[in-house]
Every structure is written in C-alpha cells, then in structure tokens.
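Novice: Just so you know, the sequences run in chain order A and W.
Anchor point for the first sequence: position 70 equals 70 in UniProt numbering, and the numbering is continuous, going up by one each time.
Anchor point for the second sequence: position 219 equals 219 in UniProt numbering, and the numbering is continuous, going up by one each time.
The set of hints was computed from the structure by calculation and includes no laboratory data.
This one's a predicted model, so the numbers in the text were calculated from it and none came from an experiment.
Given that identical chains are not distinguished, each listed pair holds provided it fits within a single copy or across any two copies.
Simulated pairs of lysine to any residue, SDA-like, Cα-Cα distance not exceeding 20 Å:
#1 Lys329 to Gly298
#2 Lys62 to Glu369
#3 Lys329 to Val26
#4 Lys91 to Glu78
#5 Lys376 to Arg68
#6 Lys45 to Ile260
#7 Lys451 to Arg429
2 protein chains.
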Amino acid sequence: MISRIAILRNVQRCGPKHCVNCSYSVTSRQFSVNAVLGREPVPAKAPPKTVEDINKFVLNAKYAVRGRIPLLAESLKEQLAQNPESLPFSKIINANIGNPQQLDQKPLSFYRQVVSLLQNPEIVNQLAPEDLAKLYKPDVIERAQRMLKDVGRSVGAYSNSQGVAGFRQTVADFIAKRDGEPANANDIFLTSGASGSVAHVLQLFCSGPENGCLIPIPQYPLYTATLALNNATALPYFLDEESGWSTDPHQIEEVVKSAIERGVKPNAMVVINPGNPTGAILSADNIEGIFEVAAKYGIVVIADEVYQENGFDDVEFISMKKVLRVLQKTQPGAYDNVQLVSLHSISKGLSGECGQRGGYMELVGFSEEVKQVVLKLASISLCSVVTGQALVDLMVRPPREGEPSYEQDQKERNEIHESLKHRSSLLHRAFQSLEGVSCQKPLGSMYLFPKIDLSKKAIAKAESLGMAPDEYYCKELLEATGICTVPGSGFHQVPGTYHVRTTFLAPGTEWIESWKEFHGNFWDAHRD
Amino acid sequence: MISRIAILRNVQRCGPKHCVNCSYSVTSRQFSVNAVLGREPVPAKAPPKTVEDINKFVLNAKYAVRGRIPLLAESLKEQLAQNPESLPFSKIINANIGNPQQLDQKPLSFYRQVVSLLQNPEIVNQLAPEDLAKLYKPDVIERAQRMLKDVGRSVGAYSNSQGVAGFRQTVADFIAKRDGEPANANDIFLTSGASGSVAHVLQLFCSGPENGCLIPIPQYPLYTATLALNNATALPYFLDEESGWSTDPHQIEEVVKSAIERGVKPNAMVVINPGNPTGAILSADNIEGIFEVAAKYGIVVIADEVYQENGFDDVEFISMKKVLRVLQKTQPGAYDNVQLVSLHSISKGLSGECGQRGGYMELVGFSEEVKQVVLKLASISLCSVVTGQALVDLMVRPPREGEPSYEQDQKERNEIHESLKHRSSLLHRAFQSLEGVSCQKPLGSMYLFPKIDLSKKAIAKAESLGMAPDEYYCKELLEATGICTVPGSGFHQVPGTYHVRTTFLAPGTEWIESWKEFHGNFWDAHRD
Numbered sequence: 001m002i003s004r005i006a007i008l009r010n011v012q013r014c015g016p017k018h019c020v021n022c023s024y025s026v027t028s029r030q031f032s033v034n035a036v037l038g039r040e041p042v043p044a045k046a047p048p049k050t051v052e053d054i055n056k057f058v059l060n061a062k063y064a065v066r067g068r069i070p071l072l073a074e075s076l077k078e079q080l081a082q083n084p085e086s087l088p089f090s091k092i093i094n095a096n097i098g099n100p101q102q103l104d105q106k107p108l109s110f111y112r113q114v115v116s117l118l119q120n121p122e123i124v125n126q127l128a129p130e131d132l133a134k135l136y137k138p139d140v141i142e143r144a145q146r147m148l149k150d151v152g153r154s155v156g157a158y159s160n161s162q163g164v165a166g167f168r169q170t171v172a173d174f175i176a177k178r179d180g181e182p183a184n185a186n187d188i189f190l191t192s193g194a195s196g197s198v199a200h201v202l203q204l205f206c207s208g209p210e211n212g213c214l215i216p217i218p219q220y221p222l223y224t225a226t227l228a229l230n231n232a233t234a235l236p237y238f239l240d241e242e243s244g245w246s247t248d249p250h251q252i253e254e255v256v257k258s259a260i261e262r263g264v265k266p267n268a269m270v271v272i273n274p275g276n277p278t279g280a281i282l283s284a285d286n287i288e289g290i291f292e293v294a295a296k297y298g299i300v301v302i303a304d305e306v307y308q309e310n311g312f313d314d315v316e317f318i319s320m321k322k323v324l325r326v327l328q329k330t331q332p333g334a335y336d337n338v339q340l341v342s343l344h345s346i347s348k349g350l351s352g353e354c355g356q357r358g359g360y361m362e363l364v365g366f367s368e369e370v371k372q373v374v375l376k377l378a379s380i381s382l383c384s385v386v387t388g389q390a391l392v393d394l395m396v397r398p399p400r401e402g403e404p405s406y407e408q409d410q411k412e413r414n415e416i417h418e419s420l421k422h423r424s425s426l427l428h429r430a431f432q433s434l435e436g437v438s439c440q441k442p443l444g445s446m447y448l449f450p451k452i453d454l455s456k457k458a459i460a461k462a463e464s465l466g467m468a469p470d471e472y473y474c475k476e477l478l479e480a481t482g483i484c485t486v487p488g489s490g491f492h493q494v495p496g497t498y499h500v501r502t503t504f505l506a507p508g509t510e511w512i513e514s515w516k517e518f519h520g521n522f523w524d525a526h527r528d
Numbered sequence: 001m002i003s004r005i006a007i008l009r010n011v012q013r014c015g016p017k018h019c020v021n022c023s024y025s026v027t028s029r030q031f032s033v034n035a036v037l038g039r040e041p042v043p044a045k046a047p048p049k050t051v052e053d054i055n056k057f058v059l060n061a062k063y064a065v066r067g068r069i070p071l072l073a074e075s076l077k078e079q080l081a082q083n084p085e086s087l088p089f090s091k092i093i094n095a096n097i098g099n100p101q102q103l104d105q106k107p108l109s110f111y112r113q114v115v116s117l118l119q120n121p122e123i124v125n126q127l128a129p130e131d132l133a134k135l136y137k138p139d140v141i142e143r144a145q146r147m148l149k150d151v152g153r154s155v156g157a158y159s160n161s162q163g164v165a166g167f168r169q170t171v172a173d174f175i176a177k178r179d180g181e182p183a184n185a186n187d188i189f190l191t192s193g194a195s196g197s198v199a200h201v202l203q204l205f206c207s208g209p210e211n212g213c214l215i216p217i218p219q220y221p222l223y224t225a226t227l228a229l230n231n232a233t234a235l236p237y238f239l240d241e242e243s244g245w246s247t248d249p250h251q252i253e254e255v256v257k258s259a260i261e262r263g264v265k266p267n268a269m270v271v272i273n274p275g276n277p278t279g280a281i282l283s284a285d286n287i288e289g290i291f292e293v294a295a296k297y298g299i300v301v302i303a304d305e306v307y308q309e310n311g312f313d314d315v316e317f318i319s320m321k322k323v324l325r326v327l328q329k330t331q332p333g334a335y336d337n338v339q340l341v342s343l344h345s346i347s348k349g350l351s352g353e354c355g356q357r358g359g360y361m362e363l364v365g366f367s368e369e370v371k372q373v374v375l376k377l378a379s380i381s382l383c384s385v386v387t388g389q390a391l392v393d394l395m396v397r398p399p400r401e402g403e404p405s406y407e408q409d410q411k412e413r414n415e416i417h418e419s420l421k422h423r424s425s426l427l428h429r430a431f432q433s434l435e436g437v438s439c440q441k442p443l444g445s446m447y448l449f450p451k452i453d454l455s456k457k458a459i460a461k462a463e464s465l466g467m468a469p470d471e472y473y474c475k476e477l478l479e480a481t482g483i484c485t486v487p488g489s490g491f492h493q494v495p496g497t498y499h500v501r502t503t504f505l506a507p508g509t510e511w512i513e514s515w516k517e518f519h520g521n522f523w524d525a526h527r528d
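Same shape as in the complex, but just chain A (with noise of 0.2 Å):
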C-alpha cells in the first residue's frame, strides 16, 4: 500500500443540496495520480463475487408465486406494449397472486381518508369547515386525531419495535370481541404484512437442519421459501383433497414421530385457514386435533389467518384461538401448554392493503422471556411501517353502526364481498364444466385449485421440455390466453396429481370463457 495525497480538503459544501459537479473528478485525478510516487500501476485482482460465492440456502430457496411462469408472464407484458399485435391476447390477467387492487378491488374509502390525515394533516386547518365536510366525515377526523395522538407526532417516526401501543390495543378488543376470550395488546406484534411475522417466529423456532416445521401440502410457498432460507427441514403433512382439503390429525401424528426418528425436532406446524391455495375452511373437529398433536408433543402451531374474512359460503370462520381457549377451559390442564401464533394481514380480506404492509401477530402461551426475544428480533429491523400499523389499526376497528362513515363503508364492503363471491363460484362452475378437471368448492380465500388429471401425453410432452407437467399446462394457458397461474407443483401436492391455483380476482368473464376454450384445445391435443 502506498501513500496518498489528499485531493478534497476545504472544498466548498454547498449547503442541504447534492454537489452536482463534484469536485472529485477524473481529470482532478489523473493529476493526483500523475503526482504521486510509487503507485503500482495495476494492484494484485481477485475474481468478483459470482453465483459461487452466494450462501447455497438462499440459492435453493424456491418462490413459486413469483416463479418461473409470472417471469414468462412479465417478459409477455413486456412484448405487448412493444407490439401489441404479437400475441393472440391483448393483456395479461394476473391470477398468480392475490394482489386485489391490482386487478378490480378498489381500496376502501374510510381506509385511504384516515392515512391521507395522517400522511398530512395541515389539511384539516387549511380548509374552511364547511370545504372540509365536503372531504372527511366527522368520524374520519377524530379517528385520524386518536391515531396521530397514539403514534406520539407523526407517522414519519419510528415507533416502538413491537408496533404503536393504541393499535395493538385496538387488535387485542378485535380479538376479544371476536373470539369471546380476553386478549392482551402485550402479546400483538404488528408486522411488516404476515410475511414479516412468518419471518421471525420462524427464526426463533426453526433454523438448521435439525429443527423442522410441519406444513400443509399443499401449502404457501413463503414457508418453504423461508426454510429453506434458514437451512431448517421443512414436514409436510398432506391435506385430503376428497374431504374439501380437510387436515388428519393421525397423519400430522406419524409425520411427528417420523421426524423424531430421524432426529428433527418438530418444533412448529403451519396451518393455514382459511387455506392457501385450497380455498378450504378448518372444522373445530379438525382444529381440536392439531392441537391434540400440539400438546402431546409440544409444537408451537403457526395458524396463518390472514383470509379470515374471506368467506364465501355459510360455514363460519372459527379462530385457532378460541378454539384453544374453549378446549383449556373444558378440559382443565390438558392444553395449557399449547403454544399459538395467530398472524393477520391487511393485504387480503376486504382490506386488500398488499403494498402497504401491515398485519400482527398474536402470541399466546409464550413466556416474558419469549416475548422479550421476539422484540429484540423486531428491534433489529427497527419497526414496521407505521402507516401499515395504522391500517391493521383500521382494518380491526372499522366503522360502527350509528358512525357517520359506517352506511358508505358497509356498502362498499358488500360490494367486494359480493363480487368475489359470485367470481368464486363462477370460476368453479367452469371447472367444473371441463373435462379433466375437478374442483374442490371455495369456502374461503382467494383461491381456486382444481385438480387436472393430465394425459400421459401431456406428461411426456412436459418432461420433454424439463417442465413439471402443471407448469407445462400453465405456461401453455398463459402463451394462449394471457391468464397467469401458478403450478401445483409451487405448492406442492400429491405425487402423481397435477393442480393449478388460480385467484378469481381479476374482473370480467372473457378471460374465464377463453380459460374453458384453451382447455378443450389443450385436451383435444393431447389425447392418450
């Protein structure tokens, strides 16, 4: 190494702005170069970091959400807008992610009208009252009022790591009301979206290869994808297609001892209900029996809620909590050691908040000292973002009869119910119309995830090109329609059983009619 000389001392800084024409330049430093003695011309190089160098669990984590078929779907959109004329559609219908407001579901006003406040509000003193009637009701304001006052000044503050206290009060009498069972705003963490708390709790409690976690399949793929993240064995357990994607406690039993066997501890188990991608709803029956494993053999049940509003037929929507609580009170002792973390999001429901990023999660039956490493973990990425908090906040509290926002707020609600539930069962009545195909009925979610009993043709077809044979029929469903889905092999299934999940978010029929049209095509073309 050499000695230098300083080119930058007392250069003028030309105050809050950037420098644009920095004084540090090529040509300022060709002289310095020039001037200095001894440089080695060209120092000793080692090789740039490649694919090599990158941690290998990162490298095998798989998303299939946003996997090879969207990919194909984005280089599609991009074709399009450069020559629209060079596809047989004009559009892409994403119906890979549940991402509402990127297709119809437009944002809830009484939502957008309270952040906006809190984004600016300047607003409400700029305006004459009677302007300002025109814009926020009374209840906007003094709910936007309440939520600056709960965040200390302004939005644009960190908050407390494990999320703003008011809000999490607010989640803990939602959770109280609607299982009928106290809640604490000490046990609510709010996150960045469920993802966030996926994240944590599954660092705490499952990570490297000794530590494992069962999962549904078929599942979310973020659980795989975060496993594998942390090097920890993934235990999926099987949902039965046949009985509306119902769990069995006996299987979810032997996959327990297995892991034992084996030497992986089974220290968490993912339940996802409504589930993702079945669509189906849990029974108590079904839940009482997860939590029969879950005290016999001390495994913390991760119960991903987050379609808790979107439910589409008349069977109800009962949380793992209340269940839990109903069985620690009639059976004295027998579950108190029950560990549960119930995650909620505002990205779907009737929220459909994706890209603000809010959601909490519930823990119950952790210890202080449990707790205290959740925050410490949160503290590290600081805090959620407090607009998402806020959402979460407006999400569990939304306006009540007799409040001035309440009738538009209701009106809207049922207008997203409405429409997704008659695009549910649209979208099932269709496949249920094909040949090949069959599908479990929607009970919740966003979802449909019909079996399609592929040809041994389409099968050789698929392995000709090195694709897994649902991904085979979506990339042909997405080069000839437009319609962008995600394999069940995404998600994982059955060996030998080949699904696609759909969401039923995207508005209009057309792309359903040409959906049935490809298929007949497809089938026809592929005949054994």
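Mind docking chain W on chain A? Use the hints.
Specialist: For chain W alone, coordinates are given in the frame of chain A:
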C-alpha cells in the same frame, strides 16, 4: 387419537362482518365432549418452548440502540406518566436514536402532500379547483398523478419485488446527476429502509462462520446484530479517532490477511460514510485505499451512505461509486472486479421519514445472475411498502427551481439544515468544555460520539454493578436528567476507551445544560 364429532355444520354466516358470538363455545363443546366416546380425559403433554429452545444466533444478537439504557428510559417514561413528581426531570430526552420526527423535525410538506394524494386520489375530484388550489400546488398534483401511473393503479397493490420501475428510474437519474456517472434502474432495489438492504446483502454473502464481513469500530449495531443472526464472522477494523475517525487501508489489509489465515473468507466490508456513530466524512483518499484492498482480495464493499445529506461543515460528501468510477477510468482494468452496494434511506438527512420505511440499494459490478438471486430473496418478502418507495422517489427528486413548490420546500430544508448544524456545534462546544471529555468535530450524520476518560473509581463502581463503564455513565445520566443515550460499548470501541453516542436532534438547549451539570457532579463524585 379418537374419533370426533363435527359441531359446526351449516351455521349461518353473517356476511363480511365477523361473527361476534361464534356458535362454537364452551357450552356447545361441553356438550360435544360429553357426547364423545372414549376420549382420554387429559392427553399426553410435552413442555412448551422456552428461551432454551430458541435459535442461539437470535439469542446472541445484541442491538444496543434499543438495548438496556433505552429500555430503562421506557420504564422511567411510564413512571413519569403515572407520577410526574417522582423523578428529578419532567420528560425523557430520546437522544439514543436518530428518529428526527419523534423530536423537533417536521416532515417536508411537499412529500406529505404528494403521499396523502397517493393514499386518497379521490380528493382531486371532490373539491372545486379554487379550494383544491388552497391545498395543493399544481406540481404536487402532477407528481402524484405521475406516481400513481408508475404504480399501476393503487399504492395498495404489491409492486414488483425490486420496486416500482418508475421510481427506480428516478433514483438512477439522481445517482447519475450526483456522481456525473451513468446509473441504471435495473441495478436499483427499493427496500424497507437501509436495514432491509443490509439484511439482503449480508444474507447473500455473509452466512455461516466461514464467511466474514469487515465492520468499522465503532460501528452501527445493525451490522453486528445481522451478522450474529446469520452466524457469520464479524471482522472488526478500527477507525482512528485522533485523525477524525479516518480509515487506515494498511490496518484493513492486516485484518483481511489475518482472517484468511484463520480460514475465514472476508467476503464483504462495511463502510459507513458519513459515519455513524462517529459523524466523520471520509476523504477521497480514504475511499481509494478501501477500494484498493477490495480489488486485491475480491471483497464486496457495502457503502452505508444514508447520511449523505447530513453534512454540517465545509467538507464535501463524495459517493463511493463516484470514486470507484474515477479509479476505473484512470487505471483501466485495475478496478473492474470491484463490487459495490451503495445504500440510501428516507429515514435520515432532511427527510427524516424513519417510520415510513423507504430506502434503496444500488448494486454495482454484479452479474445478472447475482441480481436475479437478490430479486428472488426480495420476492420472498413480496415487496417493500409502496408509499416508502414513493418517498424515495420524492427524496431524490425534490421540487426544482421554477416549480411551484420549490420556494416553500427550500425554506423548510434550509431551516432543518441550519437547525441541525446549530445544535451539533452547540453540543460539540458543550462537550469540549467538560472535564475528561474530548469530542471530534462533527462533519456529518446526526450524532456526536464523545470520548469520556472515566476514572478508576467510576470503572470500579460500574464493574461492581455488572455494567460496562460507559453504560454506567449513561445510566447515571438518564436517571439524573432524563437524557437517554447509548454507551459506546454498544458500538464497540478501542479497548480501554469509553464513549457515549448522542444525537443532536432534541430541541432546545436546556437538556444540554442539564447534561453539563450532571457531568460535573458525576466527575466530582468519582474522582480517583
């Protein structure tokens, strides 16, 4: 496992609302339990998970910015709320964290007006033009409309996992202008603050004990905490306090060589410029020396440049990318292997929008394959909050001269800048006047990091309490004055030296006076 009866079939669902009094209850289940034949009264039970079961890397991670002293401050704050007379001060001064809007700093109006329109675009149609003009200047409305077009439809939709393409282009334009060197939107990733970027990069290149990362001492604890979570090896290099916390390439190379000898790969090196907690600004000389080592050993340079707007003296901030490009031009071929990740954030500078969680990283010198892995990693957490992404766009492209909002925006920026500069020099002068305290002149960032030559008596007292000596000083300061700071031990420091990190964000001068008074008393009470 026993057979079960279904208690819930075909109950009426009450539309999109939650069912407050769920039909699944203790009473209904009591009936069902009594009806079940053969149920074991109390099933087998395993113990619940405790701190012993938690991932030890999470347990070992430390995060001093929100560590013991700030936790004590939280409890004192609660005590004050309940009993205002019980302590010798009336409020807590949070000088422990760079959280400007928690204290005196107001958000920039232009940012907040645009973001409030992104949240509630309807407002433009709800007011007469003359009323609208009272609220928003034309460039605010235009900017919001452009940005809504960029996001597609709504800030409530997930964006591309890399970030909204239009916003990334704005960032690339900013970098190009700042450095006078081209920048590409495809190299930009929008992230949840800079901490989101750090988590991604370290997870890629620094995971497992065989992979090391050079970090400056003193350092920002995010880095040691994230490395601890990844079980990677932190490779400390010391900044030289006496020369204004400069870096020494010779010493850095020694650290690299010694790591290699121990079998640890020095994959990455963190450079914080302007410095946190030091407040130093690196010279071009210093930066060139760093790149020389990076080129020689193939080390990824992580340039934490989040304080690039926070300069308070006549020393210019020069981006590491600019220096790299100049080196590459003046010595063709010599530095073309260097890989750089440059971080920026909306949390600091004149924006101070910590709670809105926006930031970016620019990847320089990486292959397309590596960038695809970064994209996959980003996609597992779906996307960073879209309004945070929008604020990055606003930060890097504020109103320009001649645009309607320019004057007001400049006025606000100048006020913030002057106020920060004033308080930094006020606090610096105060430290210079204290016995046993020395403090480098602050050039940038939001912090002072005075060195306190604690007496043997103070050190012995701290040890008797099981505390680090500077932690003891901070605790005494907090308990006497309400001023919450972070002990230097949380940032690491040259052994045998003691420091305190304080922000200079708190308004007023009273707290500085009370610190001076405390220090005099502390010094007298601990004389050897």
